[in-house]
Amino acid sequence: MPAESLALRAAARESAARALTLLLVLAVPAEALDKLFFVGPMKTGTTTLSQMLKKKGYSTCHGECNGLNWATVTRSHANQRSILSQHDAFMDHGDHADYVWLASQYPTSRFILNTRRLKTWLVSRADHARRSRVAAGCTPYGDEKSCPSARSNFVDNSDEAILRWVTEQAHHQDKVSRFFASSHALRQRFVVIDVEGQSSASLNLLLDWVSRPRLASLPTTVPVLRPRDVPMASARSHAVPPDANSNTHASRTRERVEDVLHRHNCTAEDWNSNWYRACAKAIARSRKK
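Take the sequence shown: its letters are residues -32 to -1, 1 to 257, numbered as in mature numbering (1 follows the signal peptide of the UniProt record, and there is no 0).
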């Protein structure tokens, strides 16, 4: 047989082998549910997200599970890891989780930075503390020292606390987004969502993409920070986020938050952004004066 024919047959066999390998890879069932870690703070739609994911079949850990705070567990690394193996999705206080360690320990896990418009997030958070203070018989607003009888450890809604929340979360947002933008592999595992400000279609699009069965499918070249960054034509799911945990906030709380932001030169545009960097910079500048 001519050498040329032998070479062609060898090339054909090699091509067929590659095709068969690819088919076998695609035919392997994906892990049922890769872990989802929501690394945003409290009061950013975590109750809504937990309910949505339960409907999708996820076992969720919302804050504490089995008496343990999941975010605290991630910082202890080797200790009490069973809580992480018993659930699929984790949210609430995710800004305290060690996401760098989690990304390494669970190489197919996905990460969601859950955010919210700055002003409504601050009002919700400050009013959460107000309710705890009133329940303990304290004045509605103040620091921890002014409410020693409270059972909750979240009672500080002073002006200083509000400013600290903005600064700390701006720093957290920057750190998280930089980390997951630092490599092609990490970019495939990360999205930013806004349960309050995004439509059901946009929210489903983001969650469908980040929870896709195979990370190699629908790759992105840029960090997925908004729906238009998703390399998918449309959402696969059509779940409508439930109106969960929608407490009416005291008008006085809203006024206090607005006053604090005004006095530190945070603009209306900053208030309505789900990225807190600009307001944090304004606060830093105002404190130097």
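Please note that the accuracy of each hint is not assured.
To be verified - Taking lysine-lysine pairs in the DSSO-like style, the calculated list, with each CA pair at most 30 Å apart, reads:
#	residue 1	residue 2
1	113	24
2	256	87
3	3	22
4	87	22
5	113	257
6	256	23
7	256	113
8	113	87
9	3	23
10	143	257
11	113	23
12	256	143
13	24	3
14	3	113
Keep in mind the hints are simulated off the structure, nothing from the lab.
The hints, checked one at a time:
1. Restraint check for residue 113 and residue 24: not satisfied, since their Cα atoms lie roughly 43 Å apart, outside the 30 Å limit.
2. Distance restraint check for residue 256 and residue 87: the Cα-Cα separation of roughly 23 Å lies within the 30 Å cut-off, and the hinted pair is therefore satisfied.
3. In summary, the hint linking residue 3 to residue 22 is supported, as the alpha carbons are separated by about 13 Å, within the 30 Å threshold.
4. Using a Cα cut-off of 30 Å, the hinted pair residue 87 and residue 22 holds, with the two alpha carbons roughly 29 Å apart.
5. Simply put, residue 113 and residue 257 have alpha-carbon atoms about 28 Å apart, close enough for the 30 Å limit, and the pair holds.
6. For the proposed pair residue 256 and residue 23, the alpha carbon gap of about 49 Å is over 30 Å, so the pair is violated.
7. Of the supplied pair hints, the one linking residue 256 and residue 113 holds, its CA atoms being roughly 27 Å apart against a limit of 30 Å.
8. A C-alpha spacing of about 25 Å is found between residue 113 and residue 87, which places the hinted pair at or below 30 Å, so the restraint holds.
9. Note on residue 3 and residue 23: the hinted pairing holds, with a Cα-Cα distance of about 16 Å set against a maximum of 30 Å.
10. Of the supplied pair hints, the one linking residue 143 and residue 257 holds, its CA atoms being roughly 27 Å apart against a limit of 30 Å.
11. Straight-line distance between C-alpha atoms of residue 113 and residue 23 comes to about 42 Å, which puts the hinted pair past the 30 Å bound.
12. Of the pairs offered as hints, the one joining residue 256 and residue 143 holds, with about 24 Å between alpha carbons and a cut-off of 30 Å not exceeded.
13. Only pairs whose Cα atoms come within 30 Å are accepted, and residue 24 paired with residue 3 is accepted, the gap being roughly 13 Å.
14. With a C-alpha separation of about 39 Å, the suggested pairing of residue 3 with residue 113 is violated against the 30 Å cut-off.
Checked against the numbered hints listed earlier, the structure breaks hints 1, 6, 11, 14; every other hint is satisfied.
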